[in-house]
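There are 2 protein chains.
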Amino acid sequence: MTAGSGRVTQAQVARLAGVSQAVVSMVLNGSDSLRITPETRDRVQQVLRETGYTVDIMGRRLRGGSNQILGVFTYESVFPSGVADFYRPFLLGIEEEAEAQGFDLLLFTSGGRRDGRRRIYEQGTNRLRIADGSILLGRHNDPQELAQLVEEQFPFVFVGRRESPTGPISYVGADYVAATREVHERLWGLGHRRIGLLSVTEENEPTLDRRAGYEAAARKHRRPPLVFLADDPAIALRQALDEGVTALLVESSAMADGLLACAHELGLGVPDDLSIVVLGDADPSQQPHAHAVPSTGTDWSMFRIPRHEMGAHAVRVLVGLLKNPKPRQLLLPCTIHEGATTAAPSTPDSR
Amino acid sequence: MTAGSGRVTQAQVARLAGVSQAVVSMVLNGSDSLRITPETRDRVQQVLRETGYTVDIMGRRLRGGSNQILGVFTYESVFPSGVADFYRPFLLGIEEEAEAQGFDLLLFTSGGRRDGRRRIYEQGTNRLRIADGSILLGRHNDPQELAQLVEEQFPFVFVGRRESPTGPISYVGADYVAATREVHERLWGLGHRRIGLLSVTEENEPTLDRRAGYEAAARKHRRPPLVFLADDPAIALRQALDEGVTALLVESSAMADGLLACAHELGLGVPDDLSIVVLGDADPSQQPHAHAVPSTGTDWSMFRIPRHEMGAHAVRVLVGLLKNPKPRQLLLPCTIHEGATTAAPSTPDSR
DNA sequence: CCCGCGTAGTAATTCGAATTATCAGCGCCG
DNA sequence: CGGCGCTGATAATTCGAATTACTACGCGGG
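Residue numbers (the numbering used here), protein chains in the order written: chain E, 295 to 645; chain B, 295 to 645.
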């Protein structure tokens, strides 16, 4: 059937059908079907079937400009071999939505790394531009690279809130502020009056947001903020107890594990004597809609970061950006998991 | 810097630099670097940097060039939301090796699905050609699509042995034949003389390979093959016991779980009264080099499919294919996991 | 009789990058 | 002084598909 080697082109079909290439294109697209005689159309379609012609997507898109490809850039490896599979839920959402929107995904894995970290601008050029737009993932970020991306007016969306001094950039993040406030509110409703925040010394966006949410909640109830910055759980716990704290908000589940151990050593029960809430996910490789119990066995009270939805929405925002290049920011609500580490305080403290 | 809308083309760069488009192309490819004055080259490179130019992969590939992009096509979703994350270990290996070889990965997610399955040729177009070559993953395969790929002389590698009536195609698979033979050999060495194979009714390559390995081993020891095809473990176990079997090779861990339960009901101990070996992985989402104990708690005797290595080797074979388009087949050895479900037979049967 | 108009196509152009053919300018040798 | 060879760049072509401009033909009306 097919001519010897390689692909069948419209020109070859045209030659076999005794027409011009333009007619083949018209028959294929059905455009201006009025201009073509039924006999001619049938003859062309016959040859199309015989040859097994398929459209070469390249020629078509060369004219159209867009290539229906979205880039996915990650500062770290996409499929990490370590235990904590941080990216997977995001990627799941991204893939799902990309499929729905009819885009392919280009994973930028090739870029050499420096300092064990990938770069967007390698040897002066921006490989991301191969795609129509790109989604950026990763805890790290390089302000200078971001600034240059903005400068180039390249459409991109960050997963996770990200601010740039150069101007507004698009992102899809989780609403840590609201979630932390809500957690505080629930503890207050249980009767807690001295609620502390055990934070980390880093100054990235999530940490700042959690702190902002906590302080807003404390202000609302006219309570002084009780923030502890110690890296050692034992020290932090002592400080908190000295302040009469009955409930603690903790940034990481690792720290929470440490706290729990220290509390038990002091003969304190959780949640009977001390309520603890983790401000985020204990299990980074959570499945969407899966009620995973953390591997440590403790059913932490916490809130879940909607990673799957964040990925999906990032794709939607990016696709929107392709049509209208106005930066957009989106914060998605976290869902709060009741868990087993919160309860009413054992020693009600009315003031 | 960048001209407001759309992509920067070589022609635009050329105009800004006061040279012809051909010179820009030459500077980019460094091909005939001797033919261009250092001053001219510097000027062009300056403009390239200022404009943030990147190649249009469609244009380049239309002309027959390569993009340093490998496609990854999967018949099912790449990041499945189900529990059995079948693809991840493969992808991990693929990504790792692609990074090492300096290729980006293009995930073909765009094509809609029919019958819940993706198609390579969607609406008469082959999107795979955007990439330099492609890796195909998935249990399903469409012989007709494969034939057309071969016809188009597009470089591709299947992960998992795959045969096509149209001619040899490239693949990287696991050596089920050798692994099954080796398992049989070990059981024989333990003293078993009546070793059965509990197979499934499907006729895909892995099943055929396991059966071939089993039959080769049985033939070597001049034993009649004892193959059972029942889907119900209770029936299969009865049949096997009627035949005096003391060791059973089982295709799936699910079936093995069923067998174990039935054996316990009959008052049979595993491995004391009956040895059971799973011909493959109990845990599809295995980590490389991780000695995962299956979730059921049973430490099955089995062999591990080197998914990570299969992915990595598929990339290597594909990259080789780009230079020399001769199809290549590669089978990787499985590693045998001793496990706790094999032992010497309780009733030695000398014949 | 010729203009106008509709029909059914074909020729030519476009997209972006790579490659080939070509050309202008210069120095050198016979 | 003419022609040869070399250098450094430009013009032209190619890839496959889509689109626009154009043309050959036929027919009817004024």
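Hint data in this document are derived by calculation from the structure and do not stem from the laboratory. There's no promise every hint is true.
Facing chain E, a subset of chain B residues (Cβ under 8 Å, in silico) [to be verified]:
(1) Thr348
(2) Ile351
(3) Gly353
(4) Arg355
(5) Ser371
(6) Glu393
(7) Thr403
Estimated spans, in silico, between C-beta atoms of each pair [what the hints assert, rightly or not]:
(8) Asp526/B to Ala305/E: 42 to 48 Å
(9) Ala316/E to Thr495/B: 49 to 55 Å
(10) Lys620/E to Arg357/B: 50 to 56 Å
(11) Lys620/B to Thr334/E: 41 to 47 Å
(12) Arg411/B to Leu626/E: 50 to 56 Å
(13) Glu333/B to Ala394/E: 49 to 55 Å
(14) Ala316/E to Gly461/B: 33 to 39 Å
(15) Ala316/E to Ser546/B: 18 to 24 Å
According to the in silico footprint, chain B covers these stretches of chain E (three or more CB under 8 Å from chain B) [said to hold, decoys possible]:
(16) 306-318
(17) 358-364
(18) 388-402
Beta carbons: idealized from backbone N, C-alpha and C, even for Gly.
For each hint, the structure was consulted:
At a threshold of 8 Å, the smallest CB-CB gap from Thr348/B to chain E is about 4 Å, leaving the interface hint in force. With 8 Å as the threshold, the beta carbon of Ile351/B comes within range of chain E, its nearest partner Cβ sitting at about 5 Å, so the hint holds. Nearest Cβ of chain E to the Cβ of Gly353/B: about 6 Å, under the 8 Å cut. The hint holds. Given the 8 Å rule on beta carbons, the hint for Arg355/B holds: about 5 Å separates it from the nearest Cβ of chain E.
At its closest, the beta carbon of Ser371/B sits 7 Å from a beta carbon of chain E; the interface hint therefore holds under the 8 Å criterion. The restraint placing Glu393/B at the interface with chain E holds, with a minimum CB-CB distance near 5 Å, inside the 8 Å limit. Checking Thr403/B against chain E by beta carbon gives a least distance of about 4 Å; that is within 8 Å, so the hint holds. Between Asp526/B and Ala305/E, the C-beta spacing of about 59 Å breaks the proposed range 42 to 48 Å.
For Ala316/E and Thr495/B, the hinted distance range of 49 to 55 Å is satisfied, since their beta carbons lie about 53 Å from each other. Range check, Lys620/E to Arg357/B: Cβ separation about 35 Å, and the 50 to 56 Å hint is violated. The hinted window of 41 to 47 Å between Lys620/B and Thr334/E holds, with their beta carbons roughly 42 Å apart. For the pair Arg411/B and Leu626/E, the beta carbons lie near 31 Å from each other, so the given range of 50 to 56 Å is not met.
Our hint of 49 to 55 Å for Glu333/B and Ala394/E holds, since their Cβ atoms are close to 51 Å apart. Restraint check, Ala316/E to Gly461/B: a C-beta distance of roughly 35 Å satisfies the suggested window 33 to 39 Å. Our hint of 18 to 24 Å for Ala316/E and Ser546/B is violated, since their Cβ atoms are close to 56 Å apart. Against chain B, the segment 306-318 of chain E contributes 0 residues with a C-beta closer than 8 Å to a partner C-beta. That does not satisfy the three-residue criterion, and the hint is violated.
Requiring three or more residues with a Cβ within less than 8 Å of a Cβ of chain B, the coverage given for the segment 358-364 of chain E holds, as 4 such residues are present. With a threshold of 8 Å between beta carbons, the proposed coverage of the segment 388-402 of chain E by chain B holds, since 11 of its residues qualify and at least three are required.
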